[in-house]
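*Asks:* Sequence:
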Amino acid sequence: MITITGATGALNGATADHLLRHLPASDLTVVTRDPAKAAGFADRGVAVRPGDYDDPATLRTAFAGADRLLLVSSNDPAGDTVAQHRNAVDAAVAAGVRHVSYTSHQGAGADSPFVPARHHAATEDLLAASGLRWTSLRNGFYAHSLQWLLGPWAATGTVSVPADGPVSWTAREDAAEAAAALLLQDAPAEGPVTITATGAPTFADLARRLSDRVGDEVGFELVDPERWVERAVAAGQDERMVRFLLGMYEAAGAGWFAGTDPTLRALLGREPRSADDALDDVVAAAR
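Residue 564, in this note's numbering, is where the sequence shown stops; the numbers in between run on with no holes.
It should be emphasised that the hints constitute simulated quantities derived from the structure, not laboratory data. Treat the hints with caution; some may be incorrect.
Okay, derived cross-link-like pairs now, DMTMM-like style, lysine to aspartate or glutamate, Cα gap no bigger than 25 Å in a straight line [stated by the list, open to error]:
hint: 1; residue 1: K314; residue 2: D331
hint: 2; residue 1: K314; residue 2: D353
hint: 3; residue 1: K314; residue 2: E450
hint: 4; residue 1: K314; residue 2: D329
hint: 5; residue 1: K314; residue 2: D304
hint: 6; residue 1: K314; residue 2: D294
hint: 7; residue 1: K314; residue 2: D332
hint: 8; residue 1: K314; residue 2: D357
Cβ-Cβ distance ranges computed for the label pairs, FRET-style [stated by the list, open to error]:
hint: 9; residue 1: R298; residue 2: R508; range: 20 to 26 Å
hint: 10; residue 1: E548; residue 2: R298; range: 17 to 23 Å
hint: 11; residue 1: D558; residue 2: A405; range: 35 to 41 Å
hint: 12; residue 1: H421; residue 2: G373; range: 34 to 40 Å
Ideal Cβ positions, reconstructed from N, Cα and C, are used throughout, including at glycine.
Whenever a hint applies, use it, and build me the whole structure from the sequences.
*Replies:* Now the structure itself:
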């Protein structure tokens, strides 16, 4: 039995869809805080169980009978992410889960400027100490986030960022398919597995590629971080979220997202989607 948390979200929902192309519905269970949102899976014969990272008792029941568990990282902005993940790991131990896969991030590290990366590193430590067999899917930074991380370039004619560095922009759809492929393996790799596209362009590179697509020069500038925050807040953005995103750029500038790995290509059996594919979507949305 494969059990998946967060299957009403885009990432693990797509993974569940991929699994259903290879497994009977009776071999899959999805766990969600609101089972009504998973009605589409229930209609296909998939068992849907309630489970909440803040309620360990529900997790122990939800994970019962699972041989393999795909644990999605919490996206609760007000929650204690690491505590929530600890609840899930403890529940997996209590339920006798044989192997846990966790959706982590390529830049996972206790010293990263990007807060989620620190949470991922702490969760990997929890898994390592749990006694479980585990795999950490260190997915590359999701390429669809370029829609907002490039800023208002279409209006200003310039990509303005507070720091720059190479990022292995990776399609969330590809990461989902890769997770399904790993879950279906007889003996999934243990420990961290890096799941990235094969290129890692900088924001300056992306500005040049945008120029090629729009037929006009798109400039690039590095802005003092505090000035960048001031601009964003003056434009109406929430300062807390702006400073949260600042950590992403600073992590990119420090090289946390620079590496690429052939594992994703091998799991997919094809070339992964690239940053150029994501830029095509960015330009189409701007027109």
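*Asks:* If a hint holds in the structure, say so; if it doesn't, say that too.
*Replies:* Comparing the hints with the structure gives:
1. Between K314 and D331 the CA atoms are separated by roughly 19 Å; this keeps the pair inside 25 Å, and the hint holds.
2. Distance hint between K314 and D353 is fulfilled; the C-alpha atoms sit about 17 Å from each other, no more than 25 Å.
3. For the hint pairing K314 with E450, the CA-to-CA distance comes to about 20 Å; that is within 25 Å, so the pair holds.
4. With a C-alpha separation of about 14 Å, the suggested pair K314 and D329 falls inside the 25 Å cut-off, and the hint holds.
5. The suggested pairing of K314 with D304 holds, with an alpha-carbon distance near 20 Å, which does not exceed 25 Å.
6. Under the criterion of a C-alpha separation no larger than 25 Å, the hint pairing K314 with D294 is consistent with the structure, at around 15 Å.
7. For the suggested pair K314 and D332, the alpha carbons sit about 19 Å apart, so the restraint of at most 25 Å is met.
8. Among the hinted pairs, K314 with D357 is consistent with the structure: their alpha-carbon atoms are about 24 Å apart, no more than 25 Å.
9. For the hinted restraint 20 to 26 Å between R298 and R508, the CB-CB distance of approximately 46 Å leaves it violated.
10. For E548 and R298, the Cβ-Cβ distance of about 21 Å falls inside the hinted range of 17 to 23 Å, so the restraint holds.
11. About 37 Å separates the C-beta atoms of D558 and A405, a value consistent with the hinted range of 35 to 41 Å.
12. The hint said 34 to 40 Å for the Cβ distance between H421 and G373, and at roughly 36 Å that hint holds.
Checked against the numbered hints given earlier, the structure breaks only hint 9 and satisfies all the rest.
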